[in-house]
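Novice: Chain residues, written in single-letter form:
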Amino acid sequence: MQENLIKIKNDFLSKVEKIQNAEELNSVRVEFLGKNGVLTDAMKLIKTLPNEEKKQYGQDVNVVKNLLEEEVSKKEKFLEEKKLNEEINNAKIVDLTTPNSQEIGSLHPVTITEHKLIEIFQSMGFAVEDGNEIETEFNNFEAVNVPKNHPARDMQDTYYLDNGQVLKTHTSARQNYIMKKYGAPLKVVFPGRCFRNEELDAGHENTFFQCEGMMIDKNINVSNLIYFMKTMLSSVFGKEVKVRLRPGFFPFVEPGFELDCSCPYCEGKGCSVCKQGGWIELCPCGMIHEKVLEMGGIDPNVYQGFAFGLGLSRLAMMNYNINDIRILNSGNLKELSQTKIN
Amino acid sequence: MLISLNWINDYVDLKGIDYKDLVNKLTLSCAEVEGAEVVNGNFDNVVAGKIIECEKHPKSNKLHLLKVDVGKTVLDIVCGAKNARVGIIVPVALIGAKIGDITIDKAVVGGYNSYGMCCSAKELAIGDDNSGIMELDENTVVGTDLRSVLGVKDVVIEIDNKSLTNRPDLWGHYGIAREIAALYGRELKPLKSIELENLSDLPKVQVDVESSACYRYTSCIIKNITKKVSTQEMQLRLYRAGMRGINLLADITNYVMLELGTPMHAFDSNIVNRIKVEDVKEETKFVTLDNQERVLPKGTMVISDGKQPVAIAGVMGGLNSEITDNTNSVLVESACFDGSNVRKTALNLGLRTEASARYEKMLDPELTMLALQRYYYLLKQMDNGAEIASNVTDVYKFKYPEKVIKITKEFIDNYIGIDIAEEEIVKILTSLQFQVKVVKKGEYEVKVPSFRATKDINGKADLVEEVTRVYGYDNIEPKSPLQPVEPVKLQDTVKFEYDVKYMLASKFNYHEVHSRIWYDDATNQKLGINPVSHIRVKNSIEKDSSEIRSTMLPNLLSFVLLNKNNYSQVSLFEIGRVVLGINKQTNLADENKNLAIVLASKTKTTEELLKELKDACYFVCEEVIKTNFEVIPTTKQNELFHPVNHYEILNNGNLIGQIGMLHPRVKNNLDKKLNVVMAELDFDKLIISVKNETKFEKVSKYQNTTLDFSFALKDDMLYCNIESIANNINTNLNYKLNLIDIFEDKNKNEKSYTLRYNIWANDHTMTGEEIAEFHKTVIKNFENNNIKLKDM
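Chains as they are written, first to last, in the working numbering: chain B, 5 to 346; chain D, 2 to 793.
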């Protein structure tokens, strides 16, 4: 190899070694490999050489050129990597461990519980109905087999209004309407707000929610009622529960039952929720009284049905571990905002 | 109701039955047992002792120095009881005895040695009498341990009265015993009584029944009564059942009531010797046994002696005819009254008694004769000299018809969903004293016993209940019905209510609350508002809460008051009911479902809040419910809303709500530093106009372009006006209009709005001329409305 080429190569390598950034690399590249670069000039020398040396010289120049280009590209990569490392080393850590700043509103505990219930009942083929809060005395009492002067009216301290209507004392007040609207067969649930004129304390509210349900069809019986209640409650609590029936008197059903559910919190072993009893009284229910069917325009000789009334406020309290029912109507955000949106 | 198992054991042999099992069985098959308590007094080593000497303490007015024979020995005891006297037999706690936590020791009382203590019933926890020492029956053997004298050890169970509402037959021990006998398949023993027959030689008590609410009145007179107090055993049972001993003749009436469930009354027959059951013709003052003067409203049913009332029928006797120490003959009644009549009287007088509570359940009139016979039997047991002095007068005005129900095994099986054997059905019904006639296999005629026939058992379903509850509800397997399940679509009102709530809470961070359906008068007064109410609660026990709301905003404002000090912004919403009026034809409340939102902030301006709230309302309508939403300012007066910043919300031209700032006057009453805005929408109306589901429009493949215009406006010009001008243009091009900037120059009372038209053609690329033409049209259109482009 010609000395001049060796010199070029050595000059280049010593310069490249000192390079610190992309700009310097570029100027060295132009100096050696550019149009008027040192190597291009060296190439031009070929004309001055004797013919027999020309081939060798041309090859040597190309060898040097390739080497230089390779060195430039290596250096380029090296510089990029170096820069990236500098950026990485200089990067600031973003503190993701700070508390969430996103605010969120809240749904009422009863709303969320009701929504879950409705989804369950819907999946079991029940239609969902809305109901009034103000009802006629007829709908609230007579239509569900509680005639005037019936002692059962004492069980429910009724708010009477000055136009003769009442604030509904139970969701059963809607039964007559539902039967007339749907006719038999029917499968409907109807949640709603109910009112009882009583003193407030941790366990008693004058304004609370129930969720009523009815199923009417041919050949409906007590074992069907138990099936639906057990399936529904297992779904509500997200685990298999046991249910048991006890006699309970409600004028609109015959036979009437108190339905207890094995305590889902202690598996029936006894805890504060079930007051150590292992069972939770959850749901008055029964086979719909034939008079109630008749008043709803349904022939009791053809159709039977069951009805139940779930304590929705109570269920919400159990869901969220709320120990004072007054919280539900308090409007106190310190308490209520805890539920968030589900 | 309290039930003593010792007492039950008189009628059903409870041997071998664990009381816990009994409680469980009763709860699952009969009535709810609220609790069971093993009671056993609170003493040990107490014996019967007879006072054989009784001297007054020389220096004390109260103390007595006694010599008490306790069988093995005679003890000196110093005693402070008033009734201490020679001859009576009393419980004596011996040295070393335990009374509660106290151990009796030799003591010096008033300077004298005392070797034991004479006890009152209360001290021993076998009664509530603490007026003196307990006097045991005169035939008690001295030295006997008190526990073998009295049935001290017992189990008392408490049954929830509510679960007995429909079971008049269960309001006494005998009725409960009947259930237990059926549940355990044991024999129910008959009640011991003395038949009151063949008395026709004796004079009759004159009984006139005028009130139609008196179904039956059975009475007689018993004379030669010398005993004054009932046995300690009877008093103990009364105590265990929650009553107390009064005197012999009254105690037996109560005892029979606690057995049979049917109340009785005993008059001193020297004072009352004839009976008239009547309704008082005018308001009448009457002093009851509890020494209270009461005013009986006109029409109240009473028992009178022909001259004056001596008892309020079914509720309570009168002081004027009560049994006294001088009573030696008694007129005993056992009557049956109409339940609702007694209930009404008890409610009117605010006097609910053991008797009235039972009568209002509709008692069985057949029981009155048995009650009278039982009374006589019990009296003779305690006072053998007592003697019937009259024939029995039995006025039986209303007899329930006999009830026979036809039912088949098939009906029972289908109603329950299981197969119960015929023998089982017959056995169960018979054990509950129904008479079952098997007409042919699987078909029965069932005669209802009188004590179940007054209201409880009416039809086939009632018989199914009887069979099933004794058979055991636990034995019914859950079974799915055979009907197919079909998908159900949620009603719009239910679906949208939840969706709206979810959106307001999750997107706008508002909090859902429930407020009451009535106003809180006190809060309204504080806020200085008087919102409309069309209807009132007549009988609320809470004051300040009678007027049913026509708007939910006042109640939400009261929640703002409650929360404002804890948060910089309080954002509340509620979907609830209001009453908008009374329908003149039907007189029914016009109830409506509303959505109300209130925002209150210490940091944001009212303008910021109002815009935020408008966005929320827009989202509710346009995005969740997919219905039309517009606001226009209104000048209608409203005490809650700011006179200028008050808008009506329109839906397809119909008024569906309002939105605005809180009236400055109310704001000052609430909190001057708080900015408050609010909106209330008619949710029912919103739901009616739900649009069809969203459909994608075809997007043009040709290029579009945007044109921006800034118009100079007076500051009271509203965008809704600008928008309608902007849309009133004549063009073949398609466009979308947006407001992209608002600039307000506060110094000049001017503002400018920048509108952006995004324009395109569906079938070709727009030419420059077309775009220029559009531009010109817009400007000209605005100029026609005296609106010019803003100078740049």
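No wet-lab data here; the hints were simulated from the structure. These figures come from a predicted structure and were not determined experimentally. Accuracy of the hints is not assured; some may be wrong.
Stated by the list, open to error - Below, computed lysine to aspartate or glutamate pairings styled on DMTMM-like, alpha-carbon distance capped at 25 Å:
| # | chain 1 | residue 1 | chain 2 | residue 2 |
| --- | --- | --- | --- | --- |
| 1 | B | K295 | D | E446 |
| 2 | B | K279 | D | D19 |
| 3 | D | K286 | D | D209 |
| 4 | B | K222 | D | E640 |
| 5 | D | K480 | B | E203 |
| 6 | D | K480 | B | E146 |
| 7 | D | K544 | B | E203 |
| 8 | D | K26 | B | E146 |
| 9 | B | K184 | D | D306 |
| 10 | B | K279 | D | D306 |
| 11 | D | K673 | D | E640 |
| 12 | D | K404 | B | E123 |
| 13 | D | K594 | B | E123 |
| 14 | D | K21 | B | E285 |
| 15 | D | K205 | D | E234 |
| 16 | D | K154 | D | D209 |
| 17 | D | K123 | D | E355 |
Unchecked claim - So the derived list for chain B, only partly shown, Cβ under 8 Å to chain D, looks like this:
| # | residue |
| --- | --- |
| 18 | Q6 |
| 19 | T115 |
| 20 | F130 |
| 21 | L165 |
| 22 | F241 |
| 23 | G242 |
| 24 | L249 |
| 25 | M299 |
| 26 | D303 |
Beta carbons: idealized from backbone N, C-alpha and C, even for Gly.
Novice: For the pair supplied as a hint, K480(D) and E203(B), is the alpha-carbon distance within the 25 Å limit?
Specialist: The given pair, whose Cα atoms are some 41 Å apart, is violated under the 25 Å limit.
Novice: Quick one, are K21(D) and E285(B) close enough, alpha carbons at most 25 Å?
Specialist: holds (19 Å)
Novice: Measuring from the C-beta of F130(B) to each C-beta in chain D, is the shortest one below 8 Å?
Specialist: Holds. Min distance 6 Å.
Novice: Just to be careful: measuring from the Cβ of G242(B) to every Cβ in chain D, is the smallest value less than 8 Å?
Specialist: This hint is violated: G242(B) lies away from chain D, its Cβ roughly 19 Å from the closest one there, beyond 8 Å.
Novice: Would the pair K480(D) and E146(B) pass a check requiring their Cα atoms to be no farther apart than 25 Å?
Specialist: violated (32 Å)
Novice: At a threshold of 8 Å, is the proposed contact between L249(B) and chain D supported by beta-carbon distances?
Specialist: L249(B) check passes; min Cβ-Cβ to chain D is 4 Å, inside 8 Å.
Novice: Keeping to a limit of 25 Å between CA atoms, is the pair of K673(D) and E640(D) held or broken?
Specialist: With Cα atoms ~17 Å apart, K673(D) and E640(D) stay inside 25 Å; holds.
Novice: For the pair supplied as a hint, K594(D) and E123(B), confirm whether the alpha-carbon distance does not exceed 25 Å.
Specialist: Given pair K594(D), E123(B) holds - Cα atoms ~22 Å apart, limit 25 Å.
Novice: Holds or violated: K154(D) with D209(D), Cα cutoff 25 Å?
Specialist: With a Cα-Cα distance of about 46 Å, the restraint between K154(D) and D209(D) is violated, given a limit of 25 Å.
Novice: Have a go at the M299(B) hint: is there a Cβ in chain D nearer than 8 Å to its own Cβ?
Specialist: Since the shortest Cβ distance to chain D is 15 Å, the answer is violated.
Novice: Given a cut of 8 Å on the nearest C-beta pair, is the interface hint for T115(B) held or broken against chain D?
Specialist: Cβ of T115(B) sits 6 Å from chain D, so the hint holds.
Novice: Does D306(D) lie within 25 Å of K279(B) when you go C-alpha to C-alpha?
Specialist: Not OK: K279(B) and D306(D) at ~53 Å, beyond 25 Å, violated.
Of the numbered hints stated above, those contradicted by the structure are hints 4, 5, 6, 8, 9, 10, 12, 15, 16, 18, 22, 23, 25, 26, listed in ascending order.
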